[in-house]
Amino acid sequence: MGTYPREIQESIERVGATRPARLANKPARLTLQEQETLLKGFHPDYRAEGKRKLKVGASWGEPVPHELADLLEAYPLLDPGSVDVSKPDHDVDLLVIGGGGAGTVAAIWAHRSGVPAERILIATKLRHGDSNSIMAQGGIQAADKPHDSPAIHYLDVLGGGHFTNDPKLVRAMVEDAPELIRWHEDLGVMYDKAPDGTMSTIHGGGTSRKRMHSAKDYTGLEIMRVLRDEARTQGIATIEFSPAVELLTDGQGQVVGAVLWNLETSEYAVVRAKATVLATGGWGRLHIQGFPTTNHYGATADGLVLAYRAGAKLRDLDAVQYHPTGAAYPDQLVGLLITEKVRGMDAQPLNRLGEVFVHPLEPRDVESAAFIRECALPEKGGRGLGVVTPTGMVGVWLDTPMVDMIHGPGTFERALSSIYRMYVRFDINPTKEPILVYPTLHYQNGGVVIDEHGWTGIPGLYAAGEVEGGVHGKNRLMGNSLLDYNVFGRRAGIAAAAWAKKASPGTPSLTHARRYTEQLKSAGVAPERKAPILLPEYRGEKALSRMVDLL
Amino acid sequence: MNEITVFIMGKGYRVPAGLTIMKAMEYAGYLLNRGCGCRGGYCGACATVYRLPGDYKLYADLACQTPVQDGMYIAQLPFTPAERPAYALENLTPDGKTLLALFPELARCVACNTCTKACPQKLEVMDAVQSSLRGDIRQVAEFTFDCVSCGLCTMRCPAEISHHHVWQLARRLNGAYLTPRAEHVKTRVEEIAAGKFKGELDKLVTMTKDELVAAYKARQIEA
Numbered sequence: 001m002g003t004y005p006r007e008i009q010e011s012i013e014r015v016g017a018t019r020p021a022r023l024a025n026k027p028a029r030l031t032l033q034e035q036e037t038l039l040k041g042f043h044p045d046y047r048a049e050g051k052r053k054l055k056v057g058a059s060w061g062e063p064v065p066h067e068l069a070d071l072l073e074a075y076p077l078l079d080p081g082s083v084d085v086s087k088p089d090h091d092v093d094l095l096v097i098g099g100g101g102a103g104t105v106a107a108i109w110a111h112r113s114g115v116p117a118e119r120i121l122i123a124t125k126l127r128h129g130d131s132n133s134i135m136a137q138g139g140i141q142a143a144d145k146p147h148d149s150p151a152i153h154y155l156d157v158l159g160g161g162h163f164t165n166d167p168k169l170v171r172a173m174v175e176d177a178p179e180l181i182r183w184h185e186d187l188g189v190m191y192d193k194a195p196d197g198t199m200s201t202i203h204g205g206g207t208s209r210k211r212m213h214s215a216k217d218y219t220g221l222e223i224m225r226v227l228r229d230e231a232r233t234q235g236i237a238t239i240e241f242s243p244a245v246e247l248l249t250d251g252q253g254q255v256v257g258a259v260l261w262n263l264e265t266s267e268y269a270v271v272r273a274k275a276t277v278l279a280t281g282g283w284g285r286l287h288i289q290g291f292p293t294t295n296h297y298g299a300t301a302d303g304l305v306l307a308y309r310a311g312a313k314l315r316d317l318d319a320v321q322y323h324p325t326g327a328a329y330p331d332q333l334v335g336l337l338i339t340e341k342v343r344g345m346d347a348q349p350l351n352r353l354g355e356v357f358v359h360p361l362e363p364r365d366v367e368s369a370a371f372i373r374e375c376a377l378p379e380k381g382g383r384g385l386g387v388v389t390p391t392g393m394v395g396v397w398l399d400t401p402m403v404d405m406i407h408g409p410g411t412f413e414r415a416l417s418s419i420y421r422m423y424v425r426f427d428i429n430p431t432k433e434p435i436l437v438y439p440t441l442h443y444q445n446g447g448v449v450i451d452e453h454g455w456t457g458i459p460g461l462y463a464a465g466e467v468e469g470g471v472h473g474k475n476r477l478m479g480n481s482l483l484d485y486n487v488f489g490r491r492a493g494i495a496a497a498a499w500a501k502k503a504s505p506g507t508p509s510l511t512h513a514r515r516y517t518e519q520l521k522s523a524g525v526a527p528e529r530k531a532p533i534l535l536p537e538y539r540g541e542k543a544l545s546r547m548v549d550l551l
Numbered sequence: 001m002n003e004i005t006v007f008i009m010g011k012g013y014r015v016p017a018g019l020t021i022m023k024a025m026e027y028a029g030y031l032l033n034r035g036c037g038c039r040g041g042y043c044g045a046c047a048t049v050y051r052l053p054g055d056y057k058l059y060a061d062l063a064c065q066t067p068v069q070d071g072m073y074i075a076q077l078p079f080t081p082a083e084r085p086a087y088a089l090e091n092l093t094p095d096g097k098t099l100l101a102l103f104p105e106l107a108r109c110v111a112c113n114t115c116t117k118a119c120p121q122k123l124e125v126m127d128a129v130q131s132s133l134r135g136d137i138r139q140v141a142e143f144t145f146d147c148v149s150c151g152l153c154t155m156r157c158p159a160e161i162s163h164h165h166v167w168q169l170a171r172r173l174n175g176a177y178l179t180p181r182a183e184h185v186k187t188r189v190e191e192i193a194a195g196k197f198k199g200e201l202d203k204l205v206t207m208t209k210d211e212l213v214a215a216y217k218a219r220q221i222e223a
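Sequences listed follow chains A and B, in order. Just so we're aligned: 68 in our numbering is position 68 of the first sequence, and the numbers increase by one with no gaps anywhere. Just so we're aligned: 171 in our numbering is position 171 of the second sequence, and the numbers increase by one with no gaps anywhere.
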């Protein structure tokens, strides 16, 4: 004890004082009406000034956050007139853009569907595996227990998404789920199990059955590294530090590959492909409405920009997922993910007075809105009961010592070892003291429109994982992102392989980018803005202000 | 602002105290591409070594998880050349000799424990090497479960072992062959293939929003 500043210690004592009563009584869940009131009052998505309607492209008139609109209404980073893309440097059957979970699964299943390994290329911006997939902590959903069913899972997904999801995508996801868990077992993923092999499963926010499968609190890491190892076993080539900066199209309106750009040497490379799978992940590093994020460094919405220029439709991008429990203290950890599994294992969210103010496992958007209301000042309609840190961050308590009190000593350190390690580095012991949390930008609920085979509607272009939309509607439940990328990575890989067998791509060109540029000009978009941005800007202001390009 | 001096690859910069090594490099003006991945301690991209003034030790840690200290000398190790032999899991057996046969350099371990000292996850790396030599795959898998493949142990190892590849294989063997399969998963896959839930799902996908809301409200929540 004693690592929190003195003014916060007093609040911790209150948390300790209310604990015995809280251990005895569980809080009630909200009704759908109560959820709606909370969302309208306090969820950042309901702030009209946070977004604007798109004035170009296939989703003209759709509202999206300003931070994304700025990238969709932007000129190509690579000037289409400056490069010759007609002669490919690589000629393959399948190009996978993105080396996270979705891309890796797509490549593996395309190979299993008959595309030779040497005819597949994964191009990725950072290293193979550096992705949001690897950071997922809590788990993956699948309705595989006797008292559960894909139909119950289906209802949970739809309710969590406020009934805005695409039904055929949800069906595909819940029906494929058990088979993918089975596949992971074949590949050697070490799921948490009872000694007889039964999966240890718990609740996630908004689930009606305990169907969250986990691998400690490194679930994403464990699945991703096994998939990566399997791709290596199959001999699938990966080009790292080479993000795609533009798709390529031919005269028949097909997508026929992409232009890559070597982050280290600044060289471009033309990849011609019979089929392309877009698996570029999400948008957390756009810091929508100024929120910190749980996302990896490369989550800059590149795939949305590329697909949109090629004519793909987007959906549900007005809905941003703020994970309720981002770290709020100490400063070095601000924004990092504290898995929902901590609440799944019975830790309660509390205000400054040590009172429970919401059920720990409401759907994420509702839970986040409740946290924001608890912290907002009374003059803004809130309750003003957050805990203020020395650097001015505000947060609520997550009563982590409850985990060991309910599940036995040693449980936290064993089942939540990454969170334990993260805090012990800063001399906070989460089994003895509660931790401070506040919502953090976590997930891109919407994305590129796809059908149940991951097809975008543009010949030759498929999408899988966080970059696509419709699966989760306006709000994703915990454990359905790992599931999403496995289900739609596999489906996109299989469908892309089938397309590649019969496709006849023409000469690669940037015609679509030129056409989009004309639309931007007609819409009066100023020429300064360029996209994709590839990396977020975190360099110090002083250093930036004195930088000059000489060499 | 309380500033300190850090030496990034030998060159001194004034940066605010309390930043992580990664954020201090960015503050100083570095645009990171290598040496930066998830920024949350999971991907292992930001392996870094450093020394402190007046201290003979070479420390190893993750740049995204380690606060800077005054006088720190920092060098990133953004890539670890490491040998992964070709194998296919389905052709392997999880017996005592599998790891040593694919990674014979394990036998070169001199038990110096430098690997353990280099581990940012504070894993018992040398114990895992010894377990590998004994052929105890399950124990290797348990010891190394929290490994983020940063490569720091590999870069410090006098026996030239590619640790993270050994651990990866051990965990896959453990998961696929040494852990009982979940019978309920197999059963459910067969039920789905046999069409057990088809009728119910066919009905759900055609329901109106009002019907869905009613069905959603009527769900029983498992205690």
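Derived by calculation from the structure, the hints in this document are not laboratory data. It cannot be assumed that every hint is accurate.
[Unchecked claim] Straight-line Cα separation of at most 27 angstroms, BS3-like style, residue types lysine-lysine; simulated pairs: (1) A/26 - A/521; (2) A/542 - B/196; (3) A/168 - B/203; (4) A/210 - B/203; (5) B/11 - A/145; (6) A/145 - B/186; (7) A/168 - B/198; (8) B/209 - A/168; (9) B/122 - A/216; (10) B/122 - A/168; (11) A/542 - A/313; (12) A/432 - B/122; (13) B/23 - A/530; (14) B/23 - A/542; (15) A/40 - B/217; (16) A/210 - B/198.
[What the hints assert, rightly or not] Okay, the calculated bits of chain A under chain B, using three or more residues with CB under 8 angstroms as the criterion: (17) 14-24; (18) 200-214; (19) 500-512.
Since we're looking at a predicted model, the values are computed, not measured. Here a beta-carbon is modelled for each residue, glycine too, at the ideal position from N, C-alpha and C.
Hint check:
1. A/26 - A/521: This hinted pair is violated, its Cα atoms lying about 58 angstroms apart.
2. A/542 - B/196: violated, 64 angstroms
3. A/168 - B/203: holds, 12 angstroms
4. A/210 - B/203: holds, 24 angstroms
5. B/11 - A/145: Between residue 11 of chain B and residue 145 of chain A the Cα gap is close to 58 angstroms, so the pair fails against 27 angstroms, i.e. violated.
6. A/145 - B/186: holds, 10 angstroms
7. A/168 - B/198: holds, 13 angstroms
8. B/209 - A/168: holds, 15 angstroms
9. B/122 - A/216: At roughly 17 angstroms apart (the allowed maximum being 27 angstroms), residue 216 of chain A and residue 122 of chain B satisfy the hint.
10. B/122 - A/168: violated, 46 angstroms
11. A/542 - A/313: violated, 40 angstroms
12. A/432 - B/122: holds, 21 angstroms
13. B/23 - A/530: Answer holds: residue 23 of chain B to residue 530 of chain A is near 25 angstroms, not above 27 angstroms.
14. B/23 - A/542: holds, 14 angstroms
15. A/40 - B/217: holds, 20 angstroms
16. A/210 - B/198: Status holds; Cα separation ~22 angstroms.
17. 14-24: Since three or more residues must qualify, the claim that chain B covers the region 14-24 of chain A is violated, with 0 doing so at under 8 angstroms.
18. 200-214: holds (count 4)
19. 500-512: Since 0 is below three, the answer is violated.
Hints 1, 2, 5, 10, 11, 17 and 19, counting from the list given before, are not met by this structure.
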